[in-house]
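Asks: Please model the entire structure based on the sequences and the hints provided.
As given, the protein sequences belong to chains A and B, one line each in that order. Those letters in the first sequence? Residues 45 to 583, by the numbering used here. Those letters in the second sequence? Residues 21 to 100, by the numbering used here.
Please note that a few of the clues may not be correct.
[What the hints assert, rightly or not] Keeping only pairs whose Cα atoms sit at most 16 Å apart, straight-line, the calculated EDC-like set for lysine to aspartate or glutamate is:
no.: 1; chain 1: A; residue 1: Lys118; chain 2: A; residue 2: Asp155
no.: 2; chain 1: B; residue 1: Lys92; chain 2: A; residue 2: Glu243
no.: 3; chain 1: A; residue 1: Lys221; chain 2: B; residue 2: Glu78
no.: 4; chain 1: A; residue 1: Lys194; chain 2: B; residue 2: Glu46
no.: 5; chain 1: A; residue 1: Lys106; chain 2: A; residue 2: Glu133
no.: 6; chain 1: A; residue 1: Lys172; chain 2: A; residue 2: Asp182
no.: 7; chain 1: A; residue 1: Lys170; chain 2: A; residue 2: Glu133
no.: 8; chain 1: A; residue 1: Lys194; chain 2: B; residue 2: Glu32
no.: 9; chain 1: A; residue 1: Lys221; chain 2: B; residue 2: Glu77
no.: 10; chain 1: A; residue 1: Lys194; chain 2: B; residue 2: Glu72
no.: 11; chain 1: A; residue 1: Lys221; chain 2: B; residue 2: Glu46
no.: 12; chain 1: A; residue 1: Lys194; chain 2: B; residue 2: Asp33
no.: 13; chain 1: A; residue 1: Lys106; chain 2: A; residue 2: Glu130
no.: 14; chain 1: A; residue 1: Lys194; chain 2: A; residue 2: Asp258
no.: 15; chain 1: A; residue 1: Lys194; chain 2: B; residue 2: Asp71
no.: 16; chain 1: A; residue 1: Lys187; chain 2: A; residue 2: Asp288
no.: 17; chain 1: B; residue 1: Lys67; chain 2: A; residue 2: Asp334
no.: 18; chain 1: A; residue 1: Lys194; chain 2: B; residue 2: Glu77
Hints listed in this document are in silico derivations from the structure and should not be mistaken for laboratory results.
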Amino acid sequence: MSGLDDLLDEGGPGPNTPEFTVSEISGALKRVIEGEFGRVRVRGEVGRVFAARSGHLYFDIKDERNVLASVAWKGQVAGLAARPEEGMEVIATGRLTTFGSQSKYQLTVDDLRPAGVGALMAMLEKRKRQLEAEGLFDAARKKPLPFLPKVIGVVTSPSGAVIRDILHRLADRFPRKVLVWPVAVQGQASAPQVARAIEGFNALTPDGAIPRPDLIIVARGGGSIEDLWGFNEEIVARAAAASDIPLISAVGHETDTTLIDYVSDHRAPTPSAAAERAVPVRLDLLAWTDGQGARLARAAAQAIALRDQRLRDLGRALPRPQSLTGQARQRLDHAEMRLPAALKGTVAARRSRLAEAAAVLRPQTLSRQLAGTARQLAALETRLQPALGRGVAMRRERLAQWQVRLAGGLRRGLAARSGSFTPLAKRLVPSLAERRLRVGQDRLETLSRRLSRIGMSRLEERRARLAALDRLRETLGYRATLRRGYAVVRADGALVTRRAEAEGAKGLEIEFADGRLQIGTPRRKSTPKSPPPEQGSLL
Amino acid sequence: MTDTPVSEMSFEDAMAELERVVGTLESGDASLDDSIRLYERGAELRKRCADELRRAEEKVAAITLDEQGQPKGVQPLDPA
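Replies: Pasting the structure below:
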């Protein structure tokens, strides 16, 4: 019997204990644990948390002595009521299982929620701090609520007291269009639906089939903190903060404050209060409007009345027209009264001056002046005669003096010129003149001879032409006709061509070729030197 | 006082403007011409406000959602 035999189990008969492989025992363990525990709820504090890149979430749940490894698979994380945070007291629900490759057991968590109000509040505080740090609670972010919204969007349960209260209060104050976006107001589905509703209202277009509200009310009635928890969720708070439409939150009772209340533009303590804040009271406004209308009319009337009064006052202060012209009028009247008298006075004055002037103007006065002037004239005349004589004698004497001086001057001038003439006369030689005379005489004779020659021949020519012309005249004249037997009858020296003229004549003269014959009373031919008629009147 | 046409003003702006107009008119500082203009504008604003107030009507509807949670229409709501 060696010790070796004890060490080796060689298939010999041994203790009746079954033998497992590691995997077999691991698998057996898994079956036992999963079968024995199934779904369990475990309460503890969250320890270390590790979010893997794969999306799985690993964390520890611990108490004073032990640690339970926990995991939430990627698909389960979204369904957790609360995200595990270190130090959070939680109640985790899931299946207990093993992880054989590391000889571990662990809880696969499909639900995790804070354990008790204290834990919830602690978690809420943590979220609040984070959102506040992001500035979502800033007063500057808060949008003013419209004075009178046209369409009010209400995010709440479509049934129940809350929507009824809101609608009643709106109808009492100022009936408006209300669009209700129905949501679950508690439970797991609540938060995503509320967030979706807020986003959905914002996504509506103003002109769309569904009118876009210009005010949103998110409301829920009172309840436990767990009931209201959906409104503490981050997605709800972020949706409310992102809303472009002004938002009133009214969740729970006055003492309940949820996360959405911090980011909403106005926090109403109750749904009814939200409705009151949403719209003014119509009747008040009507009264106000009427009041404004009355004030308007009164003020306008007042404006006119005031001016009317001022106009009257000014009108009174204005002097009357009569008083402005009165004085001038009086002066005019006065002048008018004095005018005829003044005119008469002026005429009288002028007339008297005329009479004075006319009185002086008489014929005696004139003839007296005339006589005086004649006397003056006579006196001047008597003085004129001797003065004239004196003047003539004086001028005659001066003339004689001039004569004497002139004769002397002439003689002297003549002698001077005769002196200058003598040398010139000596230069005047007759032979030169004689020679020129001879040449001139010769030329004259030559020219005279030529002249008489030409003159003779021209004279003959003209004489012959004259004789021819005379003959022509004789033949053309009536005397040649007389020789052919015609006669010219004259009476009283005029030619008689008609019998009537011959009968009326006292005597006729007939001219024949050889002379004239008188018939009837011989008419003495008037001599060329008949006496002029003027001599008769002279006798 | 602005020159915005009254028909283009919101109810609230119309109210504020009406209040301003009345105040200006009551102060008596405006000239007579301005007073008349103010009165006319005030009357117009008052009518605008009163009309809006009288036109008030209640209409309540609930939004209906399709499968994707998108709004597809409205239906009457009776929150009895």
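Asks: The structure should be examined with respect to each hint, and the outcome stated for every one.
Replies: For each hint, the structure was consulted:
Annotation: proposed proximity of Lys118 of chain A to Asp155 of chain A holds, straight-line Cα distance about 13 Å (limit 16 Å). Annotation: proposed proximity of Lys92 of chain B to Glu243 of chain A holds, straight-line Cα distance about 15 Å (limit 16 Å). Distance restraint check for Lys221 of chain A and Glu78 of chain B: the Cα-Cα separation of roughly 6 Å lies within the 16 Å cut-off, and the hinted pair is therefore satisfied. Our distance criterion of 16 Å between C-alpha atoms is broken by Lys194 of chain A and Glu46 of chain B, whose separation comes to about 32 Å.
Distance check on the hinted pair: Lys106 of chain A and Glu133 of chain A sit about 10 Å apart at the alpha-carbon level, within 16 Å; holds. Proposed proximity of Lys172 of chain A and Asp182 of chain A is supported: the alpha carbons are some 12 Å apart, at most 16 Å. Between the alpha carbons of Lys170 of chain A and Glu133 of chain A the distance comes to roughly 14 Å, so the proposed pair stays at or under 16 Å and holds. Under the criterion of a C-alpha separation no larger than 16 Å, the hint pairing Lys194 of chain A with Glu32 of chain B is consistent with the structure, at around 12 Å.
Pair hint Lys221 of chain A plus Glu77 of chain B holds up; C-alpha atoms about 7 Å apart against a cutoff of 16 Å. Our distance criterion of 16 Å between C-alpha atoms is met by Lys194 of chain A and Glu72 of chain B, whose separation comes to about 11 Å. The suggested pairing of Lys221 of chain A with Glu46 of chain B is violated, with an alpha-carbon distance near 37 Å, which exceeds 16 Å. Distance restraint check for Lys194 of chain A and Asp33 of chain B: the Cα-Cα separation of roughly 14 Å lies within the 16 Å cut-off, and the hinted pair is therefore satisfied.
In summary, the hint linking Lys106 of chain A to Glu130 of chain A is supported, as the alpha carbons are separated by about 10 Å, within the 16 Å threshold. Simply put, Lys194 of chain A and Asp258 of chain A have alpha-carbon atoms about 7 Å apart, close enough for the 16 Å limit, and the pair holds. For the suggested pair Lys194 of chain A and Asp71 of chain B, the alpha carbons sit about 14 Å apart, so the restraint of at most 16 Å is met. With a C-alpha separation of about 8 Å, the suggested pairing of Lys187 of chain A with Asp288 of chain A holds against the 16 Å cut-off.
A distance of roughly 9 Å separates the Cα atoms of Lys67 of chain B and Asp334 of chain A; the hinted pair therefore holds under the 16 Å criterion. The suggested pairing of Lys194 of chain A with Glu77 of chain B holds, with an alpha-carbon distance near 10 Å, which does not exceed 16 Å.
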